[in-house]
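Top to bottom, those sequences are chains A and B.
So the number in this note's numbering is just where the residue sits in the first sequence, counting from 1, plus 1.
So the number in this note's numbering is just where the residue sits in the second sequence, counting from 1, plus 1042.
Everything labelled a hint here was simulated from the structure, so no lab data went into it.
Honestly, I wouldn't trust all of these hints.
Among the chain A residues that face chain B by a calculated CB cut under 7 Å, a handful are [as the list claims (entries may be wrong)]: (1) 111; (2) 141; (3) 147; (4) 149; (5) 151; (6) 153; (7) 156; (8) 165; (9) 166; (10) 168; (11) 169.
Derived pair list, reagent style DSBU-like, types lysine-lysine, alpha-carbon separation capped at 30 Å [stated by the list, open to error]: (12) 272/A x 138/A; (13) 1200/B x 194/A; (14) 208/A x 1072/B; (15) 1137/B x 138/A; (16) 138/A x 1200/B.
Ranges between beta-carbon positions, derived for each pair [unchecked claim]: (17) 1255/B x 168/A: 34 to 44 Å; (18) 1097/B x 141/A: 40 to 50 Å; (19) 1076/B x 294/A: 44 to 54 Å; (20) 189/A x 1076/B: 18 to 28 Å.
All C-beta atoms, glycine included, are put in the ideal place defined by N, C-alpha and C.
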Amino acid sequence: MTDREERRITPPRGPDDPTAPETPLRRPGDDERVRRAIRSAIEADAGPLPPPPANTMEFKAMNVIALDHIYLAFDEPILEDVSLTAKAGETVAVLGESGTGKSTILKLLLRLLVPERGRVFVDGEEITQLNFDRALKVRQKMGMVFQGAALFDSMTVYENVAYPLREHTHLSEEEIETRVREKLDFVDLDPDKVMDQTPAELSGGMKKRVGIARGMANNPHIMLYDEPTSGLDPLTTGTITHLILKLQRELGATSVVVTHDVRSAFRMASKIAVLANRKIHFFGTPEELTGSDDPYLRDFLGGF
Amino acid sequence: MVGGASAAQPRRASLTTPSDLLQRFNNAVKRQILSLQEFFVLAGKAIGFIFARPFYGGDVVQQMDAIGVQSLAIVLLTGFFTGMVLALQSSVQLKTFGATMYIGRLVAASMIRELGPVLAGLMVAGRVGSGIAAQLGSMRVTEQIDALNTLGTDPIKKLVTPRVLAALIMVPTLTIINDLAGILGGNVIAKAYVGIPTSLYWRTVWEQIAAGGFALKYVPHDFVHGLVKPFVFGGIISLVGCHFGLKTSGGTEGVGIATTRTVVTASILILVVDYFITQLLLAFLGS
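So here's chain A without its partners, still in its complex pose (with noise of 0.2 Å):
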């Protein structure tokens, strides 16, 4: 029998599991008495619920971003037991081997995906188990650069830029302009220049900073990057990374950056974490990543 049919004969999840983390099985779809119930027995630190990380208010309080024991399926495990966590102004790269689930990382914090076990908490709340139109709402504390820039095609750079004030802000069409001029200058495109173009006529970097400008045109205090430096030339690499050193400078933001480019990671990071086979294989500083004698974060970094 293969590894990947035992995978699906004997699922991970469920009562029986002997692996599974002992945080509440819960859905989106869990009413709400049984919600709160959870929520004061945990505030209480007591009750007869399986207990929670023994450092949960600490968790909640301190971390603007918290993975609490994550577990996702979806025809097999794609995380197993992930936790992290970002303080504030805090950054935190996640590196990883592709297709081990870094970009679902960001999914998870954005509300795209619900996990099966585990919590997600950003700002102190905990987000898994909002209903749509909320998620909605803590999403606009978040910005968000794609690994293609995912700007709207059938819109201006100016128009996918403003989307954001557009859409949740009152301020009125100069100020919007105004504040389009100014991110598009902070990325370092010409806003004269690029503004009137569609995305189909920009180059792959240029997309990715106007993604950037687009990502930061609320001031939002949390900023996730989806792999910001893949498939871009090592110079045009460089830009971005100190584009992004940049942002955070100067927003304060926390921010999550999942990459696989080790060097970028390392100029960025405050933290590090490395996702191996579904689980943070590791999970702390830089410093303690390069110090670090295991063979499999060795191999890794390879040369770096």
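Chain A is already provided as a structure; the job is to place chain B on it using the hints.
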């Protein structure tokens, strides 16, 4: 595997055991039911959002242009030629009975009640339904749908509702144009080939419309038939397109699959639903 296949057996063999086949069949049925459920949830949300803020008026106008105005040419062409061929065929048949003066009635009856709505529906399904699926599908695979979600916009509200609303308005409009083009096409043939004067042709057309009876005293039953159908077809085309578009997975290949599925499903649904609407309307209106 479930049937006790050992690790030594090749994978292919294990897939053909009866219980495994049953399992696969079971999964396929579940997937279909889930898809159907998702379709109805999408339809409910899309229609509910028509009445909820914020309104994306600009998007609705843009879609009305894409769905309606840009389909005008094909609808005019198909209508005109269908009317012509109807007149031509019926002139041959009616000649046997010496009843060629009834060409107008025949063309009007077929165009307004059946051919107009169904042909317009099928043409729009091919042109617009596929376009909707392709556009939303590529937005899905390039993460633009995720981006909308991330920027705090409900993609159903921003993308699906305007398309549905535009289709609900424009498909009936196109049908009226299609009907007129068809009757006009019949007129050309009736005059040129059969020698029926235009005034007589149009009088017989009106006689046919009036003969069907009136709803609410002034609305001919023919018009009720001819407008209820395209309204429903508009909903079907836009919703099927959006459903398959938003469900797209698997890169550009997935976009192609979504497009094909949309056209096939929407076309079949139009023909099937057409029958049932006709049945219902006949039961309610009596003619």
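Going down the list of hints, with the structure as the test:
no.	hint	in the structure
1	111	holds, 5 Å
2	141	holds, 4 Å
3	147	holds, 5 Å
4	149	holds, 6 Å
5	151	holds, 4 Å
6	153	holds, 6 Å
7	156	violated, 10 Å
8	165	holds, 5 Å
9	166	violated, 10 Å
10	168	holds, 6 Å
11	169	holds, 6 Å
12	272/A x 138/A	holds, 27 Å
13	1200/B x 194/A	holds, 29 Å
14	208/A x 1072/B	violated, 40 Å
15	1137/B x 138/A	violated, 71 Å
16	138/A x 1200/B	holds, 16 Å
17	1255/B x 168/A: 34 to 44 Å	violated, 51 Å
18	1097/B x 141/A: 40 to 50 Å	violated, 20 Å
19	1076/B x 294/A: 44 to 54 Å	holds, 48 Å
20	189/A x 1076/B: 18 to 28 Å	violated, 47 Å
The structure fails to meet hints 7, 9, 14, 15, 17, 18 and 20 from the earlier list, while all remaining hints are met.
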